[in-house]
Amino acid sequence: MSSVAVEVSRPHPPGFDGRRFASNAAPAAIALAIGVALWETAARIWDQPFFPPFSAVVERLAELTAEGKILTSLVGSLSNLVMGFAISAVVGVGLGMLMGAYRKVEMALDIYVYAMLTAPSLVFAPIFFAIFGLGRASILGVIIVYSMFIIIINTVSAIRGVSPALIEMGRSYCASERQLFFKIILPAALPLIFAGLRLGMGRAVKGTINGEMFISAVGLGAVVISAGRRFDAAAVLAVLLVIIIVALIAIKLVQIVDARLTGWLPSTARQGRAGRAAAPG
Amino acid sequence: MIEITGLAKTFPARGSNAPVDALKDVNLTVQDGEFLTILGPSGCGKTTLLRMIAGLLPWDDGEILVNGRPVTGPGPERALVFQSFALLPWATILDNVAFGLELRGVVKAKRYERAAELIDLVGLTGFESRLPGQLSGGMQQRVGLARALAVDPKILLMDEPFGALDEQTRRLLQEELLQIWEATRKTVIFITHSMEEAVLLGDRVALMSPRPGRIVDLVAVPLPRPRAATVDAIEGSAEFAKLTAGLWRQLREMQLFRRHSAQGRHRSSEPAA
Amino acid sequence: MSSVPSSHSRSLTGGGIRPPSFALRDHVLGSAWTYRLLVLALVGGAWEFYASTAKLLLVPTFTGTIRGIGQLIVDPKVWTAFLISNQSLFVGFGIAVALGIPLGLAAARYRRIEGFVDPYLSILLVTPMAALIPILIMAFGVTSLAARVFLVVVFAIPVVIVNSRAGVRQVDPELIEMATSYGAREREIWRKILLPGALPAIMTGVRLGLGRAVTGMVIIELLMIAVGIGGLILNFQGKFQAGLLYGVIVLVVIEALLLVSLVRAIEHRVAPWTSQTVLRE
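Chains as they are written, first to last, in the numbering used here: chain A, 1 to 281; chain B, 1 to 273; chain C, 1 to 281.
Hints listed in this document are in silico derivations from the structure and should not be mistaken for laboratory results. Treat the numbers as computed from the prediction; the structure is a model and nothing was measured. You may find that some hints are simply not true.
To be verified - Computed from the model, here is a short list of chain A residues facing chain C with C-beta under 8 Å:
#1 Ala-28
#2 Ala-31
#3 Val-36
#4 Trp-39
#5 Ala-115
#6 Val-123
#7 Ala-130
#8 Ile-131
#9 Leu-134
#10 Gly-135
#11 Asn-210
#12 Ala-233
#13 Val-242
#14 Leu-248
#15 Ile-249
#16 Ile-251
Said to hold, decoys possible - Listed below are the simulated DSS-like cross-link pairs for lysine-lysine, each with C-alpha atoms no more than 30 Å apart in a straight line:
#17 B:Lys-24 <-> B:Lys-108
#18 B:Lys-154 <-> B:Lys-24
#19 B:Lys-110 <-> A:Lys-183
#20 B:Lys-110 <-> B:Lys-186
#21 A:Lys-183 <-> B:Lys-186
#22 A:Lys-104 <-> A:Lys-183
#23 C:Lys-55 <-> C:Lys-239
#24 B:Lys-154 <-> B:Lys-108
#25 A:Lys-183 <-> B:Lys-154
#26 A:Lys-183 <-> B:Lys-108
#27 B:Lys-108 <-> B:Lys-242
#28 A:Lys-183 <-> A:Lys-69
Every residue, glycine too, gets a C-beta built ideally from N, C-alpha and C.
With the sequences and hints as input, model every part of the structure.
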């Protein structure tokens, strides 16, 4: 008999596709180049100490790098970021799963998660400062407050969003609760969990910098504060450039892991999820 | 053999919705190796009934016996085929077909072997390492069928399995299902809202009333078996036309009756001429 | 998670009337507030225990914080501080909404500039805007309202733009086709189809923008310009008045929640035809 072989939307294969990367990156590169050109001309015309031209910023960045300042503080910030994000991710996904699976846990915690998400996270910095003093632990605390809660709610959403038909199918084949969780719910929830992790990474970067600016001891944030005190606008912007690049790379890394683990998601659904990235808060 | 006696189910009130009497006094006996189709209007509770037989939904009154033993939950002798296919989108076709066996702890080599057999049976050889997202609807449902057959159930429960497919694919799959069933002779309970499908596939057609659902008629389908090779002839036959027309007459009456009684209530509130 | 009601094992074996339940007990066990208060009691208890045994200078007890809040509410200086901070909030937020929504709509309308605008929006969303604070102070001066307003705008505007754009983009193209087929011109399509269709997402953007505006308001005060709420926090921190410090933090969180709830209420009135927000926060 005839097998009607129709290929429906092809899921993106995991891994690096050089050609697709180039065609996606080209317009962005052009846009950024135009922006830089505008920046340069505007800054030269409107000569203000707080608005240095792009060239001056790059120059300052080279100087700072040569002095070794950038590298040490970058390493400091990165280690804060990685540790803070790791803790947020593990605890956040874990709590999110508990809340997603057990109604009672969700009922107990949902308003607190929502409150922590809505409140300006940096207000909690003094609390960590009070307990841990000047140092890394306080910054980690700030990073966790910044990023954990968005990871939690996206994980809860992910678990609840699993298609009931799939779960029922599992039950009909006599799956145990454990099998249902590991073989159906977890894989099905993975895409949305990763959306939460991606947003969480964006927030973690902010938490790192803001925390470092408040505690003002180590890292890129501290460099920004001290440069600001010296009215060195070029240095501030130079560090900001580094921060932006770090943020974009970090988020891209999350996306790469995401693509490897959820390569089965068809491209239309992927677009829908990209829309959700629009509000990291 | 499946024996259902006095089955009733009411869904409790939820939020602002009133409680729903889904089924009331359902009585049905299905013989071994029989292909029974259940036909009824939308919302009559046929899916609810199937889920109860599958052991996925509790009921309020009556009993369901499978081979003399009461149903207490899902079991290895019953397998479900879903209207929405319910395939794991992240797993290959091979893994999907082997899923039921995997849940039972069958070792990889054995379950892949069995899965490969069934993939061949439904005509999907060569697609083992594809993902469901890369297959058409008809092919996905074949995977669903293969998965159900892989666990070698005695009873196949099919919930409008071709309802999400276009007409042409549906017809092809009906022929294929007949072929497979004639080779394996499982007991099948097949839910449909199409009279043609009910008569073409079934040995008997159980007609369900609108909510609260009851089995109001059991129509025997004396068309000869096997049918897979002669589907066109069967659909053209006078017997077929008579059976489908009769079923439609009954269905239409059931639903028009409801509309008329609703209108009657409405009319009586108008002022007298 | 379970699609089968908990009466599964009982009634599946056929029939039987369930025994009458103790209504109040069921109500309490089923109510969310029971669990929330339980969590509050647990956390409050742990906090009380930790604070009294650790005796850290800047960590008040739970009861100490409650007392602090009581003192703060009656102090007119506190209200003045909140007023000062909120000035920048409302002006900044107003500007962000007034500029952001049209910008977002324009970005959706002129698809051709999408490639140009996208990279900048992505960067804006992940950049820790707080790093710009030194620049703003150089530009506007340390004690200025302008610096604070600018930062609030810069914090809030990206989410407003992105959500407004997304709102227009997700309007069903068939609706636009339908309107065109009935002879509607561009202005009418905007008025009757695109704006109402985009309204829920725009409101989401407004709500998220408000959250970020509150963050911006507090951050600049915490990090550089010690006025208003930030000033209070730094002041109490410096004087080791722990209960008052934590009290202010709680009040800020409450303000953020109240404001966002207000926007949610407006959202429901203005756009009641969607239950789900388009974009996940």
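Of the numbered hints stated previously, which ones are contradicted by the structure, given in increasing order? 3, 4, 9, 10, 13, 15, 17, 27, 28
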